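When you get a sec, could you build the whole thing from the sequences and use the hints?
The listed protein sequences correspond, in order, to chains A and B.
Take the first sequence: its position 214, counting from 1, is numbered 214 in the numbering used here, and each next residue is one higher.
Take the second sequence: its position 360, counting from 1, is numbered 653 in the numbering used here, and each next residue is one higher.
It should be emphasised that the hints constitute simulated quantities derived from the structure, not laboratory data.
Since the model is a prediction, treat every value here as computed from it, not as a measurement.
Don't take every hint at face value.
[What the hints assert, rightly or not] For lysine-lysine, the following BS3-like pairs were computed, each having C-alpha atoms within a straight-line distance of at most 30 Å: (1) B:791 to A:236; (2) B:625 to A:236; (3) B:664 to B:408; (4) A:66 to B:630.
[Stated by the list, open to error] Derived Cβ-Cβ restraints for the label pairs, each shown as a range: (5) A:57 to B:428: 53 to 61 Å; (6) A:49 to B:497: 46 to 54 Å; (7) B:445 to A:144: 47 to 55 Å; (8) B:506 to A:52: 28 to 36 Å; (9) A:24 to B:625: 56 to 64 Å; (10) A:80 to B:734: 51 to 59 Å; (11) B:417 to A:25: 34 to 42 Å.
Note that CB positions come from ideal geometry on N, CA and C, so glycine has one too.
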Amino acid sequence: MPKVRGDFLYLISFLSPVIIVFSLFYYYPLALDFYYSFTDWNLLTTPKFIGFENYLRLFSDEIFIKSLVLTSVYVIVVLLGSIFIGLVLSFVIDRPTKLATLTRIVIFIPYVIPDVAAAAIWSIVFAPGPSGYVNYLLSKIGLGTYSWFLDPNLAFPMIIAYSIWKYFGFCTLVLYSGIKAIPKEYIEAAKVDGASEFNIFTRITLPLLRPIIVFVTSTNLMSCWFVFSSVYTLTKGGPGTATMVMGMYIYEQAFKSMKAGLATAAAIINTIVVLLLVIFIHLRGYRGGLYGR
Amino acid sequence: MKEENRSREPDILRKKISRRKALSTAGKVALGCVVTGVVAGVAGYYVGAASAPTVTKTVRSTVTAPASTVTKTVTHTTTISSAITTPTYKVPPEPTTPIKLTFWKWQALALTDEKIQEVVNMWNKEHPNVHIEFTVFPELSEPEFIAKVEEATKAGRGPDIIHTSDIDAVTMAYNGDFAVLPDEIVALVKQYFEPPFDDIFYNTEVLLWGPDMVKRPYTIPGLRGVSAKLGWVNEYHLEEAGYPADWDPADWAELIEAARKMTKYDAAGNLVRSGLFLRIGGHVPGIFDKFAPLFMSAGGKILWAEGGKWHTDLDSDIGRKTVQLYLDVLYKYKIYKPGFPGDATGFANEMCSMILPREAPEVIPVCLKVKPEKFKGPTGPKGFHPYAVPPAEKGLPSRTWLDMHSLAVNAKSPPEKRSWAFHFLGWLITNKEARMKLYNEIGQWMPYKDLVYKSPFDIPMYKKLTKLTETSTSALLHPYIGALEDAGGRVLSRMYMKEIGVDEGLKELARAVLEVANRIPPPKA
Numbered sequence: 001m002p003k004v005r006g007d008f009l010y011l012i013s014f015l016s017p018v019i020i021v022f023s024l025f026y027y028y029p030l031a032l033d034f035y036y037s038f039t040d041w042n043l044l045t046t047p048k049f050i051g052f053e054n055y056l057r058l059f060s061d062e063i064f065i066k067s068l069v070l071t072s073v074y075v076i077v078v079l080l081g082s083i084f085i086g087l088v089l090s091f092v093i094d095r096p097t098k099l100a101t102l103t104r105i106v107i108f109i110p111y112v113i114p115d116v117a118a119a120a121i122w123s124i125v126f127a128p129g130p131s132g133y134v135n136y137l138l139s140k141i142g143l144g145t146y147s148w149f150l151d152p153n154l155a156f157p158m159i160i161a162y163s164i165w166k167y168f169g170f171c172t173l174v175l176y177s178g179i180k181a182i183p184k185e186y187i188e189a190a191k192v193d194g195a196s197e198f199n200i201f202t203r204i205t206l207p208l209l210r211p212i213i214v215f216v217t218s219t220n221l222m223s224c225w226f227v228f229s230s231v232y233t234l235t236k237g238g239p240g241t242a243t244m245v246m247g248m249y250i251y252e253q254a255f256k257s258m259k260a261g262l263a264t265a266a267a268i269i270n271t272i273v274v275l276l277l278v279i280f281i282h283l284r285g286y287r288g289g290l291y292g293r
Numbered sequence: 294m295k296e297e298n299r300s301r302e303p304d305i306l307r308k309k310i311s312r313r314k315a316l317s318t319a320g321k322v323a324l325g326c327v328v329t330g331v332v333a334g335v336a337g338y339y340v341g342a343a344s345a346p347t348v349t350k351t352v353r354s355t356v357t358a359p360a361s362t363v364t365k366t367v368t369h370t371t372t373i374s375s376a377i378t379t380p381t382y383k384v385p386p387e388p389t390t391p392i393k394l395t396f397w398k399w400q401a402l403a404l405t406d407e408k409i410q411e412v413v414n415m416w417n418k419e420h421p422n423v424h425i426e427f428t429v430f431p432e433l434s435e436p437e438f439i440a441k442v443e444e445a446t447k448a449g450r451g452p453d454i455i456h457t458s459d460i461d462a463v464t465m466a467y468n469g470d471f472a473v474l475p476d477e478i479v480a481l482v483k484q485y486f487e488p489p490f491d492d493i494f495y496n497t498e499v500l501l502w503g504p505d506m507v508k509r510p511y512t513i514p515g516l517r518g519v520s521a522k523l524g525w526v527n528e529y530h531l532e533e534a535g536y537p538a539d540w541d542p543a544d545w546a547e548l549i550e551a552a553r554k555m556t557k558y559d560a561a562g563n564l565v566r567s568g569l570f571l572r573i574g575g576h577v578p579g580i581f582d583k584f585a586p587l588f589m590s591a592g593g594k595i596l597w598a599e600g601g602k603w604h605t606d607l608d609s610d611i612g613r614k615t616v617q618l619y620l621d622v623l624y625k626y627k628i629y630k631p632g633f634p635g636d637a638t639g640f641a642n643e644m645c646s647m648i649l650p651r652e653a654p655e656v657i658p659v660c661l662k663v664k665p666e667k668f669k670g671p672t673g674p675k676g677f678h679p680y681a682v683p684p685a686e687k688g689l690p691s692r693t694w695l696d697m698h699s700l701a702v703n704a705k706s707p708p709e710k711r712s713w714a715f716h717f718l719g720w721l722i723t724n725k726e727a728r729m730k731l732y733n734e735i736g737q738w739m740p741y742k743d744l745v746y747k748s749p750f751d752i753p754m755y756k757k758l759t760k761l762t763e764t765s766t767s768a769l770l771h772p773y774i775g776a777l778e779d780a781g782g783r784v785l786s787r788m789y790m791k792e793i794g795v796d797e798g799l800k801e802l803a804r805a806v807l808e809v810a811n812r813i814p815p816p817k818a
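See the structure below:
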C-alpha cells in the first residue's frame, strides 16, 4: 500500500505542471462557462442566477434551431466533400510523377493561409456586381452577375464551397500519409491473387485507412462545428440569417446582443453535441480494433 | 461729491455761447463723426474680410413630445455673429513630475486618426510633462470596446480619455465609466459652437443617463465631425434622368420615381446601376440605424417611456409602410438587389445613384478619394449633394438622427490624470490650429463658429449640410441603444430577405426592441 501511494505521489509530481496549467486555462474557464450558462449576464454587470431559463429560451428561439440545422448541414457537407476530394487527390498525388511534390504543395496552400485572409481573398474574387472578378468573367460570356455571398439563396452554398476548398488540402495530406503507410506487400499479394483495382481499394486500402479517416473526421468536425472567422469575414451570418451557423450565433448573442449568459448556454449545448459525436465516431471508427476485424 | 456735481448742473445749462462758437463746435463734431466713420469703415472692411459677416437665421425644428403623439414645429429666430468672441482656455502650469495620459479611440478612420495623432503631438510638444499616448482600436465591435475599456480600467490600465460612438457612450455613461464634464468645459462647447448646435449638443435628448438614470453632460462632440443621417444623390445621374442637378425628393413617391429612372439594367435584365441604395445588410445595428430615420419620417416613434413602461410604434401601420418601401425597392421595382454594390463606396463608384440615409463623414471623403475627377471641384466636393430624408407623404416633417462620436474622461482615472484629461478637452475646443487640422484641413464638417464658414465649408453643399443637420434629433433613446439596434436590425434583415412575413416580423421587431429596453426600468420623468 505505501508503495502504491509512493508511486502516486511520484507520478503526480510529474503530472502536476500539466494539471495546473490545464485546470487554470481550460477546466476553470469551462466550469465558469457552465455556471454563466445559468445566469442572466451582459458581459458588463454581475451575472444573476436564473436556473434553466437560458436553455429553455434557446429551444424556443427559431434562429437557434435554424443555426443548429444549418451547422449540421454545413458540417456533413463539408466533411463529406473535403474527405472525398482529399481521398481522390491523395491517390492522384501518390503516383510517382515529376510534378507530385509541387502538386502536394499547391493542394496544401489553402489550408495554411490564415482563415480571415483566405476569406478576404474569396470576398474579392466573388465580389458582387459587375466589378467582381468572377462576375466580370461570367458577364463576358453572357452568364450574368451574381451576389455570391449576399444573395440569400447563394450565400450558404458559397460558405460550404469555401470551407471545402479550405479543408480538402489537409484531408489530402493526411490521407496521403496514410496511404504511404500501407504495406506494399498487401497490395502486391492481392494483385497476385487476381484482385481488381476496385477490390484492392475497398477491401485493403479503405479498411487500412480507417483510423486516418476517423482522425480527419474528428478533427474537421470539431473545427467545422464552431466555424466563425470565415463566416464573419464573408457574410456576418447574413443576409438575414441565411448563414447563421452556430459560431456566429454565439458571437452575435454574446457580443452584439449582450446576452452572454444565453450565448454560453448555446456554447455548452454545442460542446456536448460535438463531444457526443466525436465519441460516437471513435467508438464506431475503432470498433473491432484499430484496423477492424 | 454727488451733491457737488448736482449743484453745478444748472450753471452749465444756463451758460450762454455765441452763434459763431456754436457753429464752429457743430462743424468740429460733424468732421469728427465723418473721420470716425471713415476710420471705422476702413477698419471694418479689413476686419470683415477676416471674419464672416453677421448672419440672421431662422431655425425650424420639429419636436415630438415624448409622452404623446403630438408633433409641433417650433420656429426660433436668432441673430448671431460668426466673429467669435469666446475666451481661450488657460491650461494650468504643468506638473513637475511627468504624467502620462492614455487616449483610446474606437473605430479606425485613416485620415481622422492621422490628424488626431498630429494634434496629440502638438499637445505633447506644448506640454512635455503631460504626455498623451493615442491608440486606435479598429477591430473591436462597440460592446467589445466597452468591455475592453471596463476590464482595463478595473486592472488599473484603462484609458484616461475615451473617444467612441454615441451608441457606446450612452451605455458607458450608464455603467458609470464617464466623469461628469466640469461646467467650464460645457460652457466652452456652448460658446464655441454655432447656434443651434450649442443647444443641440446639451439639450436633454443628447445628455447621457448616469447610473442613477439622471441625465448629465458627460461628453463633448468627438473628433470625427458631426453630421446627420441624410440622403445623397449623384447630380450627373439626375441630369441624365432629366432632373435638375439640385433636385431633392419631396416624398417617398418622388424618391421611388427618380430611383426607377436612374436604375439601369443590361440586355439580360441584370442590374448594372441601382437608382437607390437602402441599407438591408452588413453591420447589423446599422440596418436598424438607417431604417429609423425613414420610419420617423413616416410619423413613427421608435421608443418612449410612458406610465412606467417603454413603448414603441414599430409594430404599427407606420412600421408596415416603412418596411414596404424596402420591399418595393427590392422586389417590386427591382431598384436594388441584395449584394449589389451600394452604400458610400457603391455611391462613390457610381454603381448607385442615391443612398438613404448616410452620414457626411462616410460619404464625402470616399467620393473625393474614389473619383476625384468627378467629385472634386476647385473649392470642394461637387457633383453630388445631400437631401433631407423625405417624409412618407408631402406635409409630414422630415426626421433624422444626429450622428456624433464623443469624447469623455474616464471616471475611474486618478484625480490628477482626470483633471489633466479635462484640460486637454478644454485646450482642444479652443485651439484653433488643432481644430483646423481636425476639421477644415480634411473637409470634416464641424459647426465651430469660427470655422464653419471658412474653406472648404463655405460652398453651397456644406451650407445645405449645416441647414439639414440643424433639424436632427438624438438617437440616444436608451442606455442600451446599441443592443436595441442590434436586436431590431436582425429582425429587419430577416424581413427584407423574406425569411419572415411583414406582420409577423413587425411583431417580432417590437418584441425584440422592447425586450432590450425593459432591461432597464424607464426613467420616472
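Here is what the structure says about each hint:
1. B:791 to A:236: Roughly 18 Å between the alpha carbons, so the hint for residue 791 (chain B) and residue 236 (chain A) holds.
2. B:625 to A:236: 27 Å, holds
3. B:664 to B:408: The given pair, whose Cα atoms are some 23 Å apart, holds under the 30 Å limit.
4. A:66 to B:630: 24 Å, holds
5. A:57 to B:428: 53 to 61 Å: 38 Å, violated
6. A:49 to B:497: 46 to 54 Å: Given about 37 Å between the Cβ atoms, the range is violated.
7. B:445 to A:144: 47 to 55 Å: 50 Å, holds
8. B:506 to A:52: 28 to 36 Å: With Cβ atoms ~31 Å apart, the hint holds.
9. A:24 to B:625: 56 to 64 Å: With Cβ atoms ~59 Å apart, the hint holds.
10. A:80 to B:734: 51 to 59 Å: Holds - the Cβ-Cβ distance for residue 80 (chain A) and residue 734 (chain B), about 58 Å, lies within 51 to 59 Å.
11. B:417 to A:25: 34 to 42 Å: At 39 Å between Cβs, range holds.
Hint compliance for this structure: hints 5, 6 are not met, and every other hint is.
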